[in-house]
Every structure is written in C-alpha cells, then in structure tokens.
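Engineer: Okay, here's what each chain looks like letter by letter:
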Amino acid sequence: MICPSCGIEILTENGFCPLCGIHIKQQTAQFSNSAAPGERTVACRYPVYKEKKPDTVKTILFFTTCVVSTVGLLINYLTFTRDHFLWSLIVISTVFFIYKTVFIWTSRVYYIGSKLFTQFFWSAQLMIVIDMLTGLSFWSFSLVIPWFSVGITAILTIMAVCNRRNYQEYTGYMTAAFFLSVVLFCISLFPFIKAKWPSWSAMLYAILTVFALFLFSRRQFKAELKKRFLL
Amino acid sequence: MITWYSIDTAGKLFPSVSGHSNSSFFRVAAVLNEAVNPDIFQETIERVRPRFSFFFVRLRRGTFWNYLEENNEPFLVQQETDCPCTASLFGRHDSHLIRFLYFGNRLSIELFHSITDGRGAVEFLKAVLFFYSVIAAEKNNTKILPDSEGKIVNIQSTPVIDDYENSFLRFTKLTRKGARLEIRKFPPNSYHIEGTTSAQKCVSVITGLLSSEQLNGYAKSLGTTVTGYLASLLIYSIYSTRVKFSTGKKPIVVSVPVNLRRRFPSVTFRNFFVVVNLSFSFNNTESENSESLFDTILKSISTQLEKLTRKENLQREIDKNIFFDRNSVGRWVPLRIKHLFVRLGFNLFGETKRTITLSNMSEIDLPSGTAQLVDHAEALLYPSSKCPVTCAVITVNGVMSVSFTKTIEETDVIRGFFLLLKQQTGLQIQVYSNTDRGK
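If you read the sequences in order, they're chains A and B. Residue numbers for the first sequence, in this note's numbering: 3 to 233. Residue numbers for the second sequence, in this note's numbering: 6 to 444.
I should point out that these hints are in silico values taken from the structure, not numbers from a laboratory. Since this is a predicted model, take the numbers as computed values, not measurements. Glycine included, every Cβ here is placed at the ideal spot set by N, Cα and C. Hints may contain errors.
[Claimed, not checked] If you anchor each label on the Cβ, the simulated ranges turn out as follows:
1) GLN84(B) x LEU80(A): 32 to 38 Å
2) ILE24(A) x ARG54(B): 45 to 51 Å
3) GLU317(B) x SER219(A): 24 to 30 Å
4) LEU80(A) x LYS254(B): 53 to 59 Å
5) SER100(B) x PHE65(A): 27 to 33 Å
6) ALA214(A) x ARG54(B): 54 to 60 Å
7) PRO193(A) x ASP167(B): 56 to 62 Å
8) THR108(A) x GLU368(B): 35 to 41 Å
9) ASN38(B) x PRO6(A): 48 to 54 Å
10) ILE342(B) x LEU210(A): 47 to 53 Å
11) PRO192(B) x PRO193(A): 51 to 57 Å
12) ILE342(B) x THR108(A): 26 to 32 Å
13) ALA214(A) x SER100(B): 27 to 33 Å
[Unchecked claim] Just so you have them, the derived chain B footprint on chain A, three or more residues with Cβ under 8 Å:
14) 6-19
15) 208-214
Assemble the whole structure, with the sequences as input and the hints as a guide.
Structural biologist: Here you go:
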C-alpha cells in the first residue's frame, strides 16, 4: 500500500501509515524486491506486546507509608508543646523500614546477599534514629549494630556451607561483612562507645570467618578477591 | 572454577547509566523468508555457545568495578512478547545480558552493550544464522554449502584471548606515567528532540527498507559516504521539522559510533568503538534556500566525518578512554559512588551534547546458502530520555534497513527523513512499524 499522504510504500496489515498515522485506502503497489509484497508485510509483523501491569500492592504500601508518616508528623506538631518529644520521627523511620523490608524481600532484583546487606542498613538506620531520639546513649552502635553484623556473617556462612553451588557469591558478601565489622570496630574505639565488647566480638568473629575461608578454600577465595577488587 | 571477565574500557560506562529510560540493550535481527523454528533456534544457540562463551555471562558488582561472570544457567529462546530493547534486572542468577527472541519470521538477538558492540553483535548474528540454516537443512535432509570463504567464525575452535581482549589497552599510546589529557573546550549543549512520551512506555520502531547499492551510488555521486549522507539527511530533517520554528538555534549533533577494527587490527568481540559527534549549527543559515542549505550541511558533515575518522583522531579517542580508565583517583572509589559520578558525567557531557545517534552496522556478509534464508536484517538502538529517537542502519542481501527507535509519540522527524530520502534519491522505500499507527 502506498500512503497517499507520504507517497511511501507502507507494509501494514491494519492499514495505518506509521509515518503520518492516516488510514490508507487499498491501492495497488509495484514491488521490486525479491519477496512478494504480501509475504514481506507478513514477515515484518511484530507481536502485540503484553501490557505491563503496575505494581498496585507496592503503590498502596507506599501510599499508606506516606499517609501514616504525614499524619504522625502533623499530630506530633500539634501536640509538641505538651509532649516535647519528636515521636513522629520514630514512626516515620519505622513505617519506611517496614516498607523497605517488604520491598527488599519481595523484589526480584537483589541477590540474597544484597538483600541481607540492604536490610542491615535499613535496620541500623532505624536503631540509630530511635537511639538518637531516646537520649543518645549509643546503645545502637555499641550493642545492636555489631550483633546485626555477627548475624549477617553467620547467615552467610550457613548459606555458603549449605549451598555450595553459589559458594563464590557468598564469599564476596562475607568479605564485605568483614569490612563492615572493621568499620564497627573503628567506631568502637571512640570514647563515647561504652560497651566495646560486642564490636570487638563481631570483629573477631569476622576475622575467624575470613581466616576459615582462606584456610579451607584458599584458591577460590583468592580468585574471588581478585575478581571483586580487580587486583 | 567460574570464569570471569573484566569489562572493556568502553563497556564500563553502561552498567552505570542503564536504567528503565536507557536500557543499554541493542538488537540485531534477521527477518527470514520463513517462520523461525524455535527448536532449531535453540539448538543453534547450544551449538554456538561454547565458541561465544564470553557472551553468555552475567553482570556482577565488585568492590570498585563491575565484572562479567560466566552464567551457567540455560539460555532459552523466547517468543517476543515485550517491547524491543527493554531494560533488564541485573541482580539475579537468571538475568542474562543476551536475549534470543523470535516472532514469526523475525529472529532477534538483544545484547547489553557492556558485552559487545555492533560489529561483535553482527558477527554473532552471522554465526547464529549460518548454523540455523545448517541445522534446518539437516532436519530437511538437504545439504547446505559450507562456509568455504571463511565468512563465519569457526565454532570448532575454542575462544582465544584475542576474542575478548580489551583492545583499547592494546592500542593505546598513553604511557602509565605522566599521562595527560588534552582538555579542549567543551562543546555547547545540543538541540534535543522533545515530544509526548509514548503512552505504553514502549520503544516504537519504524523501519524503512531500500536498495543499498542504489543508495551507495547516490552517496558516492555526492562525494560522500552512506553514513555522511544519512547523517546530513537526519540533521536537515530535524532542522526542517523542529529547529526552523524554534527561537534558540542550538546545534544539531549526530553521534556516530565508529568501529575501530577498521583502523586498528583487532579481532575482539568486545567493545572496540569510539563515538564521534557530527555537529551543525544553524546560526547563519537563514538566508539559504533548502537545497543550498542541504548542500552546506552535507559538505560540513562529510568533512567532519572524514576528519574525525582519521587514524590520528581515533588514536586520540582511544587514549582519552584509557585516561579515564586508568585514573588513579577513580580507581579506588567504591563502585556505588563511582556509579553516581559516571551517571552525572554521562548526563552532563554525553547526553546533553548529542541530538540523535546514527549507527551504521554496515553489511552482513553471509555465505550464499544462508543468504537465501534471509530477507533483510534490522538493527535497533535503545533510545534514552534526552535522546528519545535513535537510528540504526544495517544491510544484508543488498537490502538496507534504516530503523528508527523512539519513546515519543511524534513521528515528524522520521517522516521528514524518509520523505526527503525518497525525494532526493528517488529510491523505492518500504516502511513498517511495530505499533498500530507507528505512534
């Protein structure tokens, strides 16, 4: 078919010109290429694409999170002169923590190691906010976060042992967990951290885990480090 | 032990900048003279996989760099159901950087740009088509002529390091010590095609088929190449449909990827290309009539293309790429932070400096037995939010296909391009699209 508006031959089955959008009347066309016009039109056919459905559950969850946060913030603002306490920040952190948790564990994007680490950072953030708003005694840094770090290393170790097929993947994450405990160890050296033993225990546990990795699978472990750091 | 590959110098950019609005997946496809048989297609993939094992990988995040890791999951051919060049989820075991799709007569391969460039993809498509035709002939108890001219990669051989080497490192003249980059004045921001975002959020394709021989002849008669001619035509159609009516006249910039293998002896299947920007400014052209204006554009673009694709300029581009790759500060920046800076740099110095991309993947030279199977080929580039229209050209069996991909509803630039092409060359053009009205 030749589009009367464009003067160009259109290989279309539905009769619309893709260039100008008008419906073309059936016309006889001269074809010079090897394939017959009808054949080429059929050959060039594309599928009808499946429509992407929006993720309604996540949208509702996000909307609910926003509603709870803003309502909490408003009530807190209106009652602040009576309470003198920013409890709404704890509410906001908690609802966003719940939202992120649902998002992380239902998402198809992350590997399990990434999920654990993302969950760790969101949990740590929640603990820090609660700690800050309840007197800032640094219990989040000295007690809770180091144990989270131990928990991650332990889960990754168990998974690496149970799932040998993806051993290399867990090795990388365990190395990352090691660096995380190094950071926590460094933080524990500051004088405002009273209880140092959890961070130091986490550090020791991470060192022993990495040492075990090195001892039991030296070649794989070295290869993994080379790969991760492009050494 | 799982094999892994570091990403080549050019390919390092794509994991940082890819997303839903810029998938970094491009497509090479062949429209056959018969319906694609999925079983034969799958068997073909299994047969070529060992030779092209460096394509069957997944993208992994390291501490400072991304890398490619061998993917032992099955790579299944799938019936095409999604829009072309859609973004992929990378953080999964089954997230592939290469997709094998079929629908009716169309056999498509979509590749993430970190694993290869247009030339590598075309070589891979050639191998797939050849072995597809061989297996199809075997099933029909007929014989197909072997590839006596050596046009296809020998799949009996094993991959060698040259196949996946980072050729930028091999051909750079930049020494490790005292490397300096010649900082030139940054070009001004270019004109950007704007429009209504497609309602389905789907990449629309409009393809035009024409005779490559006739177009080559016409371009030669004008004293230019096909790429030079098409780039000029693109600039003129953008000008006549858009820029002419706007007040501020920013330059129209056509980005053209240049295959470096033609100037530097490399056989790598990894990325080995640089992008040259062909620019034309319309500040002093009001008085010119349309014919003389087109001639001015053509002359300017042909000169720029000739100058920018000289070996010394390409060498400079290779060194520039390597300079950023070897940057000692950037080397030790954690990947997540690096991603942010790379994305920012890409938007500021890449996306804002180009109007449209034109990639000429040249001719697919198939063995005669296989060529009979193929009607024509298609190459599709991924559009982005700043550059919502792209153009790719590929030729097989003397049929050149010029494919535009777009994420906007408007078709004025593309229509202007095809009308002008027909008007100037007098060639017969056949146009088709993947959407109802091309919109």
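Engineer: It remains to establish, for every hint, whether it holds in the given structure.
Structural biologist: Here's how the hints hold up against the structure:
1. Under the hint 32 to 38 Å, the C-beta atoms of GLN84(B) and LEU80(A), about 58 Å apart, miss the expected range.
2. For ILE24(A) paired with ARG54(B), a C-beta distance near 46 Å keeps the hint of 45 to 51 Å intact.
3. At about 50 Å, the beta-carbon gap between GLU317(B) and SER219(A) misses the expected band of 24 to 30 Å.
4. Between LEU80(A) and LYS254(B) the beta carbon distance is about 55 Å. The supplied range of 53 to 59 Å therefore holds.
5. Between SER100(B) and PHE65(A) the beta carbon distance is about 29 Å. The supplied range of 27 to 33 Å therefore holds.
6. Checked against the hint of 54 to 60 Å, the pair ALA214(A) and ARG54(B) fails, with Cβ atoms roughly 36 Å apart.
7. Between PRO193(A) and ASP167(B), the C-beta spacing of about 59 Å keeps the proposed range 56 to 62 Å intact.
8. In this structure the supplied range 35 to 41 Å is violated for THR108(A) paired with GLU368(B), their Cβ-Cβ distance being about 48 Å.
9. Between ASN38(B) and PRO6(A), the C-beta spacing of about 30 Å breaks the proposed range 48 to 54 Å.
10. With their beta carbons about 30 Å apart, ILE342(B) and LEU210(A) fall outside the hinted range of 47 to 53 Å.
11. For PRO192(B) and PRO193(A), the Cβ-Cβ distance of about 54 Å falls inside the hinted range of 51 to 57 Å, so the restraint holds.
12. ILE342(B) and THR108(A) have their C-beta atoms about 27 Å apart, which keeps the hinted 26 to 32 Å range intact.
13. ALA214(A) and SER100(B) have their C-beta atoms about 31 Å apart, which keeps the hinted 27 to 33 Å range intact.
14. For the region 6-19 of chain A, the stated coverage by chain B holds: 10 residues have a C-beta nearer than 8 Å to a C-beta of that chain, and at least 3 were required.
15. Given as covered by chain B, the region 208-214 of chain A fails the check, having 0 residues with a CB less than 8 Å from a CB of that chain where 3 are the minimum.
Of the hints listed earlier, those the structure fails to meet are numbers 1, 3, 6, 8, 9, 10 and 15, in rising order.
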